[in-house]
Amino acid sequence: LAKTTQPISMDSYEGQEVNITCSHNNIATNDYITWYQQFPSQGPRFIIQGYKTKVTNEVASLFIPADRKSSTLSLPRVSLSDTAVYYCLVGDGVSGGYNKLIFGAGTRLAVHP
Amino acid sequence: NAGVTQTPKFRVLKTGQSMTLLCAQDMNHEYMYWYRQDPGMGLRLIHYSVGEGTTAKGEVPDGYNVSRLKKQNFLLGLESAAPSQTSVYFCASSYRDRYEQYFGPGTRLTVT
Chain A
1 LAKTTQPISM DSYEGQEVNI TCSHNNIATN DYITWYQQFP SQGPRFIIQG YKTKVTNEVA
61 SLFIPADRKS STLSLPRVSL SDTAVYYCLV GDGVSGGYNK LIFGAGTRLA VHP
Chain B
1001 NAGVTQTPKF RVLKTGQSMT LLCAQDMNHE YMYWYRQDPG MGLRLIHYSV GEGTTAKGEV
1061 PDGYNVSRLK KQNFLLGLES AAPSQTSVYF CASSYRDRYE QYFGPGTRLT VT
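From first to last, the protein sequence lines stand for chains A and B. Residue numbering for the first sequence follows this note's numbering, beginning at 1 and increasing consecutively. Residue numbering for the second sequence follows this note's numbering, beginning at 1001 and increasing consecutively.
No wet-lab data here; the hints were simulated from the structure. The hints are all genuine.
Pairwise CB distance ranges, derived in the manner of DEER restraints:
1) B/1008 / A/3: 30 to 38 Å
2) A/9 / B/1017: 32 to 40 Å
3) B/1105 / A/80: 20 to 28 Å
4) A/13 / B/1051: 44 to 52 Å
5) B/1017 / A/77: 47 to 55 Å
6) A/41 / B/1044: 14 to 22 Å
7) A/72 / B/1008: 33 to 41 Å
8) B/1014 / A/72: 44 to 52 Å
9) A/15 / B/1052: 45 to 53 Å
10) B/1052 / A/29: 26 to 34 Å
11) A/45 / B/1028: 14 to 22 Å
12) B/1018 / A/52: 43 to 51 Å
13) A/53 / B/1022: 35 to 43 Å
14) A/9 / B/1051: 34 to 42 Å
In silico BS3-like cross-links for lysine-lysine, where the CA-CA straight-line distance does not exceed 30 Å:
15) B/1070 / B/1057
16) A/54 / A/69
17) B/1009 / B/1070
18) B/1057 / A/3
19) A/69 / B/1057
20) A/3 / A/54
Glycine is no exception: its CB is placed at the ideal position from the N, C-alpha and C atoms.
Go ahead and model the full structure; you've got the sequences and the hints to work with.
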């Protein structure tokens, strides 16, 4: 199973850009990279998913280098409401009979005024 | 669209009691999942289903059973609750694999 490594916590200030890097050295050819956000007392919420290069949506950007051994979630101009836990997941879903989407401990992002 | 709903929101059980958690989704999703989340930790997959009438074990299935008799519902059962099963339980659904999972609000279970 592909294992991910993320920083345990990060601090930022309102208006800054935040980059959270995830390491996944043993990513498999069919694996996708997915990021989720979780607020206290809520279920996780999907942010973005990618396979290679760069993906951008209205919330964030995801940068994936050519070797795909890491990925970086970029949150532009964060606000206090972006304070949450961010999870990086690597897997190809349930193919092969087992769901490889493993949630690690995530990165706790604290945004300060 | 209500999305994914979970019943109940809170529950306190005594060791040895049984209970069933209900998850319902109105998005016509094929895949459904049950996770548990312990304090300060990520989510761990208990069981999942890739379609009506099918179930499969996840990362931590021991002590739990599931059923998917209807496409929109996924039930999680605890036959004999133990204090180690005190946790927050999340249900999720997705259209297929690789698609984003939609999560319910969670059920906070305490076993004394």
